[in-house]
Amino acid sequence: MSAVQHGHDQGKQEIKYSTCYMCACRCGIKVTIEDNRVRFIQGNRNHPINKGVLCAKGSAGIMKQCSPARLRSPLMRKPGTERGAGEFIEISWEQALDMLTERLARIRATDPNKFAFFTGRDQMQALSRLFAEQFGTLNWSAHGGFCSVNMAAAGLYTLGYAFWEFGDPDWDRTKYFMLWGVAEDHNSNPMKIGIEKLKSRGGKFVGINPARTGYQAVADEWVPIRPGTDAVLALSMVHVLLSRELFDWDFLIRYTNAPFLVVQTPGQKGDGLIYRDEAGHPLAWDLKKEGFVNGLDAACHPALFGEHKTPDGRTVKTVMTLLAERYLDDRFAPENAAKICGIPASTIERLALEMAHVAFKETIEVAVEWTDWAGRKHDKFIGRPVSMHAMRGVSAHSNGFQAARAIHFLQILLGTIDCPGGFRAKAPYPRPVPSPGKPAKRSAPNTPLDAHPLGFPTAPEDLVIDEDGQPLRIDKAYSWEAPIANHGLMHMVITNAVKADPYPVDTLLFFMANMAWNSTMNTANIQDMLRERGPDGEYKIPFLVVVDAFHSETVHFADLVLPDTTYLERYDAISLLDRPISEPDAVCDSIRHPLLALDRDVRPWQEVLVELGGRLKLPVFTNPDGTPKYKGYKDFITYYEREPGIGFLAGYRGADGSKSLRGEPNPQQWERYIENQGFFQYHLPKDIRYLRFANKGYLEFATEAGFLKSPEPIVIELYSEAIQKFRLAGLGLYDGPMPKERVDQERLATYFDPLPDYYEPLEQQRVDKNEYPFFAVNQRPMMMYHSWDSQNAWLRQIIAQNHLYMNRARGESLGLKDEDWVWVESHNGKIRVQLRLIEGCQEDTVWTWNAIGKQSGTWGLKPGAPEATQGFLMNHLISELLPEKPGERRITNSDPITGQAAWYDLRVKVTRAAPGEEGVWPTFANVPPLPGAEPKPDVLRYNTRAKA
Amino acid sequence: MRLGLVIDLDTCVGCHACATACKEWNTSSITAPLTDYDPYGKEPSGVWFNRIRHYEIGDYPNNKTINFPMSCMHCENAECVTVCPTGASYKRPEDGIVLIDQDKCMGCNYCSWACPYGARELDRVSGTMKKCTLCVDRIYDETLPEEERQPACVLACPAHARLFGDLDDPESVTSRAVRERGGYALMPELNYTPTNHYLPPRTRPSIPTSDLPRGSLARKVKEWVNRVIER
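Line by line, the protein sequences are chains A and B. Residues 0 to 947 (numbering that gives the first Met the number 0) make up the first sequence, in order. Residues 0 to 230 (numbering that gives the first Met the number 0) make up the second sequence, in order.
Calculated directly from the structure, the hints in this document are not laboratory data. Here the structure is a predicted model, which is why all the values come from computation and not from measurement. A few of these clues could be false.
What the hints assert, rightly or not - Looking from chain B toward chain A, a few residues come up when the C-beta cut is under 10 Å (computed):
(1) 15
(2) 36
(3) 39
(4) 53
(5) 62
(6) 64
(7) 123
(8) 127
(9) 163
Claimed, not checked - Listed next, with one range per pair, are the computed distances between beta-carbon atoms:
(10) A:641 / B:172: 37 to 43 Å
(11) A:667 / B:144: 50 to 56 Å
(12) A:104 / B:123: 55 to 61 Å
(13) A:599 / B:41: 25 to 31 Å
(14) A:500 / B:199: 44 to 50 Å
(15) B:213 / A:435: 26 to 32 Å
(16) A:883 / B:201: 48 to 54 Å
(17) B:213 / A:685: 34 to 40 Å
(18) B:126 / A:818: 29 to 35 Å
(19) A:306 / B:61: 43 to 49 Å
Claimed, not checked - Cut-off 16 Å, straight-line C-alpha distance, at most; resulting in silico cross-link-like pairs (EDC-like, lysine to aspartate or glutamate):
(20) B:63 / A:558
(21) A:50 / B:146
(22) B:219 / A:838
(23) A:935 / B:9
(24) A:628 / A:606
(25) B:63 / A:324
(26) A:338 / A:686
(27) B:219 / A:244
(28) A:50 / B:42
(29) A:196 / B:141
(30) B:63 / A:361
(31) A:376 / A:843
(32) A:861 / B:42
(33) A:539 / A:558
(34) A:440 / A:466
Backbone N, C-alpha and C define an ideal beta-carbon position, used for all residues, glycine too.
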């Protein structure tokens with residue numbers, strides 16, 4: 000036994016459980032507190048997400064809590080000073096909320112769309128969305144439009160679930176894991192836990208990424224792909240699988256629309272739509288009956304391949320026939336794909352065959368009796384243990400929707416969807432394909448919207464446009480420019496609002512989104528736009544409200560600053576109605592609760608939203624007598640029901656807390672969560688854990704739990720009829736709304752392909768590749784989540800300056816060497832940055848870490864901090880608009896289908912800076928400190944054993 | 000007993016979780032605090048017990064990125080202890096942990112010059128040398144649940160790339176891993192006999208593909224014969 004003294008007085012210690020917010024993973028944390036100071040944050044061993052482990056960000060939560068960048072009270076731009084001059088006065092919450100209420104009430108009574116509410120890395124989107132809906136503005140979205148909507152939309156329009164929050168590899172069983180375009184985040188701990196499990200089992204991990212950092216470092220095979228060419232690689236592997244008949248016949252026939260028949264009448268209305276009977280059922284060709292049958296009929300024996308004539312003389316082909324014709328084309332032969340993606344043909348072929356081997360020769364079985372959607376009993380689940388995950392490297396290209404769909408095609412052909420060892424869904428997913436719910440279209444004074452502001456269009460009729468085809472939303476989501484923009488286009492809001500295109504707004508509110516810096520494209524110009532005034536002398540965006548916990552670059556431009564708390568100081572519900580944290584085997588949600596007493600005049604934004612809802616008398620937040628319905632956020636979460644028995648938190652429902660998923664409100668629900676270490680999990684019975692899209696038990700369970708409207712089977716859509724309808728509109732062949740402008744017609748006709756295909760990213764089509772020879776992309780360092788963590792006193796010791804990374808041999812061939820200052824120039828501008836040459840970089844690619852570069856004076860850092868003098872943002876080089884084309888209106892630099900910001904389409908040239916040209920460029924004026932800002936110590940000696 | 004760490008280079012993704020968890024625990028621990036200099040300024044730095052080196056081996060495209068966490072190796076023949084003029088540095092006979100008595104240390108730096116692993120860091124404010132204690136105030140703390148009586152770095156590691164145990168006990172998790180995975184110590188030629196070991200990256204056998212149907216790469220749709228499968 001040791002004689003060493005334990006360094007604490009355990010009598011003063013408290014252990015509390017909550018949920019991390021240092022990134023979006025939402026791991027369970029066990030927090031030791033001494034005298035209102037955090038002694039230790041560790042992973043909660045019982046938590047379903049992280050099972051006890053914790054990443055560098057999570058452990059550095061202490062330094063976020065100590066950050067001198069924390070906002071301390073509401074602030075108002077000093078009257079008479081310029082926006083962006085950084086002169087603020089402290090005001091009371093009463094003043095702040097009176098000011099905002101008066102303004103918002105006036106907007107709501109006249110034109111609710113003049114209030115644009117966009118939220119960033121929000122973990123309470125269900126509440127902020129509800130607020131916007133009740134307010135009556137169409138102009139709400141979260142940050143998905145510049146993050147990962149391509150990946151989410153591709154999944155939801157194909158499988159009914161998607162990578163990351165809606166699905167996970169079956170880490171306990173998978174034998175082959177292919178990771179596409181993931182730097183080091185999203186997700187964090189679960190991915191690391193999973194990779195270790197896979198490797199210790201002898202499974203293979205393939206990392207497809209232009210940079211060999213992060214997870215790629217431990218990949219058994221690194222595939223250095225050219226950015227933006229993932230679709231070619233995936234579809235070339237599809238080519239290899241098809242050419243050798245390596246696909247899962249049973250899976251395709253039973254669970255996908257592969258046998259459905261598609262009308263082939265090129266140039267005519269109805270071309271490319273599913274051939275249907277009068278009741279609307281999709282038809283297939285029955286091999287036994289030798290005739291057309293309802294393809295959804297359980298008893299049919301549909302042909303996977305074939306071409307037939309309908310009684311009215313039209314040609315129809317099965318989806319699988321179209322698919323095979325498309326991908327067996329020589330364009331997708333590995334030797335041709337290799338020319339585009341840069342991966343040798345032999346590697347493409349081998350990877351496809353390796354996966355086929357694991358899927359079909361190393362099949363696993365889970366012996367459990369289960370019942371399929373048609374009531375047929377089965378004694379086991381067949382597992383094809385190949386799994387995949389993809390994220391921003393696939394998503395942030397203007398061809399990312401189709402690329403992500405292409406990756407799903409590989410998974411579907413191999414039959415690895417929601418099976419043991421494959422890519423599994425997480426509740427409340429899967430949902431029907433595409434998801435139900437259309438975006439709201441109508442906004443009226445003092446009236447809530449009749450639908451969510453975001454939804455899932457399946458035809459041009461669902462677009463949010465006026466009679467003239469003009470966008471109704473400020474971000475132009477759901478317009479011809481971005482028809483299935485399921486997450487909105489937050490990256491376009493400032494540009495569009497300043498140009499009054501389609502209309503001006505009055506009040507723009509950003510929550511937790513650094514839209515004047517690292518979360519925007521074209522940063523310097525965006526800052527100018529925020530300062531831009533009209534001929535009347537008014538700011539073009541008249542009132543900018545910023546809600547954040549920290550002094551970001553965007554706070555600097557606010558007219559009103561509402562200071563939020565940290566994640567250790569408030570209640571939060573991490574809800575199934577929002578961004579779920581379920582695991583494949585369990586339905587999960589969780590909470591945060593205040594672990595520390597507040598030491599400054601800040602309020603949780605969710606409390607403020609509930610209060611504003613009451614003040615503005617928004618129906619959901621108001622009693623019939625006009626008084627506020629809820630005492631605050633905690634009360635709201637306890638008693639609000641979306642439908643009977645369904646609230647924000649699924650656990651411990653019912654008057655006595657005995658009901659799960661559905662049940663009347665429980666007044667003690669928060670307390671029960673706190674007693675249960677801050678989370679709830681409902682373990683799915685073993686017979687409903689797989690093939691959930693066609694698993695009767697699961698479909699019925701999910702309906703009862705409110706995840707589905709009815710227990711109908713979910714059909715996986717290889718062929719997307721919804722996408723084809725938009726294409727028909729572009730071709731002038733649709734019975735319904737069609738675009739009038741040629742550019743829209745062309746975009747729909749070209750990119751709305753019902754089968755995924757590769758096309759060159761849009762910006763790259765307009766940029767001279769000889770002039771700009773490099774692809775330029777951003778990666779995220781594992782120990783940092785946006786600017787929130789690059790300010791962190793511990794984490795910034797690990798990295799405080801980002802370099803531009805380039806392939807060593809390529810750099811040397813250009814006469815460049817390590818630590819050179821270089822100019823990096825795109826069609827949109829240029830920056831000066833410092834270079835590092837590495838082996839782990841694809842030859843035609845340069846990359847950097849995002850969100851380290853900062854504007855001097857922000858984020859609680861001192862002037863001279865390397866983040867501002869040496870660190871940089873690639874964002875300056877990226878335009879939010881495509882390069883101009885004569886005769887065409889300016890078009891967003893986004894995916895033409897989903898509006899996903901195409902950050903990663905950038906091309907640049909790199910040249911050595913002249914002697915004496917050193918330091919980062921451009922630089923920005925130093926931001927003065929906020930009133931009452933905390934001092935920034937020269938030495939930090941954090942120690943809970945010593946007196947604070 | 001010879002307590003130490005075994006670090007798996009096959010799964011270490013270089014995330015710095017171990018380093019940060021260590022910093023977090025130890026800044027309020029027996030050699031507290033772990034001072035940070037200029038934490039919000041131009042040259043942020045500070046005392047850390049565990050740092051991750053990143054380097055590359057091989058040339059593109061056959062390169063590999065190695066993440067290499069390094070902390071005190073708790074050497075059997077700890078030269079840092081030998082050279083200490085005040086007796087502040089000592090190796091505990093009962094478990095082999097090398098510690099520094101903060102009351103005796105005068106910050107002369109001899110030990111850090113003697114340490115080839117760069118494991119010792121001078122706290123410029125306290126004027127004393129600090130280093131990994133193997134979280135000696137966790138591993139024996141009976142008020143902690145038994146499974147948490149581990150160094151903070153081991154608890155945190157998301158890739159389970161860090162193992163803690165008794166390298167003298169052939170059946171400990173650490174000894175078994177060293178035996179089964181070819182674990183090695185750094186710079187054995189110096190004869191300091193480090194307790195900590197590293198597990199090399201695994202080499203995995205290639206996946207056979209010759210058992211798959213060959214087919215013709217020019218196969219056309221019409222060649223497929225439909226199979227009768229009930230939906």
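Discussion item. Given the hint of 48 to 54 Å, is the C-beta distance from residue 883 of chain A to residue 201 of chain B inside that range or not?
Written reply: 53 Å, holds
Fill in: Consistency of beta-carbon spacing, residue 123 of chain B to residue 104 of chain A, with hint 55 to 61 Å
Since residue 104 of chain A and residue 123 of chain B have Cβ atoms about 57 Å apart, the given range 55 to 61 Å holds.
Discussion item. Checking one constraint from the list: CA of residue 219 of chain B to CA of residue 244 of chain A, max 16 Å. Satisfied?
Written reply: Since the Cα atoms of residue 219 of chain B and residue 244 of chain A sit roughly 10 Å apart, the hinted pair holds (cutoff 16 Å).
Discussion item. Tell me if the beta carbons of residue 599 of chain A and residue 41 of chain B are separated by a distance inside 25 to 31 Å.
Written reply: This hint holds: roughly 27 Å between Cβ atoms.
Worksheet item: Are the Cα positions of residue 628 of chain A and residue 606 of chain A separated by 16 Å at most?
Response: 13 Å, holds
Discussion item. Does residue 558 of chain A sit within 16 Å of residue 63 of chain B, going by the straight-line distance between their CA atoms?
Written reply: With a Cα-Cα distance of about 50 Å, the restraint between residue 63 of chain B and residue 558 of chain A is violated, given a limit of 16 Å.
Worksheet item: Are residue 500 of chain A and residue 199 of chain B spaced within 44 to 50 Å by their CB atoms?
Response: 59 Å, violated
Fill in: Restraint outcome when residue 123 of chain B is required to lie within 10 Å of chain A by C-beta distance
With Cβ-Cβ at 9 Å, under 10 Å, it holds.
Fill in: Proposed proximity, residue 9 of chain B with residue 935 of chain A (alpha carbon, max 16 Å)
With a Cα-Cα distance of about 40 Å, the restraint between residue 935 of chain A and residue 9 of chain B is violated, given a limit of 16 Å.
Worksheet entry | Pairwise hint evaluation, residue 838 of chain A against residue 219 of chain B, where the allowed Cα distance is 16 Å at most | Not satisfied, since the Cα-Cα distance of roughly 41 Å exceeds 16 Å.
Worksheet item: At a threshold of 10 Å, is the proposed contact between residue 53 of chain B and chain A supported by beta-carbon distances?
Response: Nearest chain A Cβ about 8 Å off; hint holds.
Worksheet item: Is 29 to 35 Å right for how far apart the beta carbons of residue 126 of chain B and residue 818 of chain A are?
Response: 34 Å, holds
Checked against the numbered hints given earlier, this structure breaks hints 8, 9, 10, 11, 14, 15, 20, 22, 23, 25, 26, 28, 29, 30 and 31; the rest are met.
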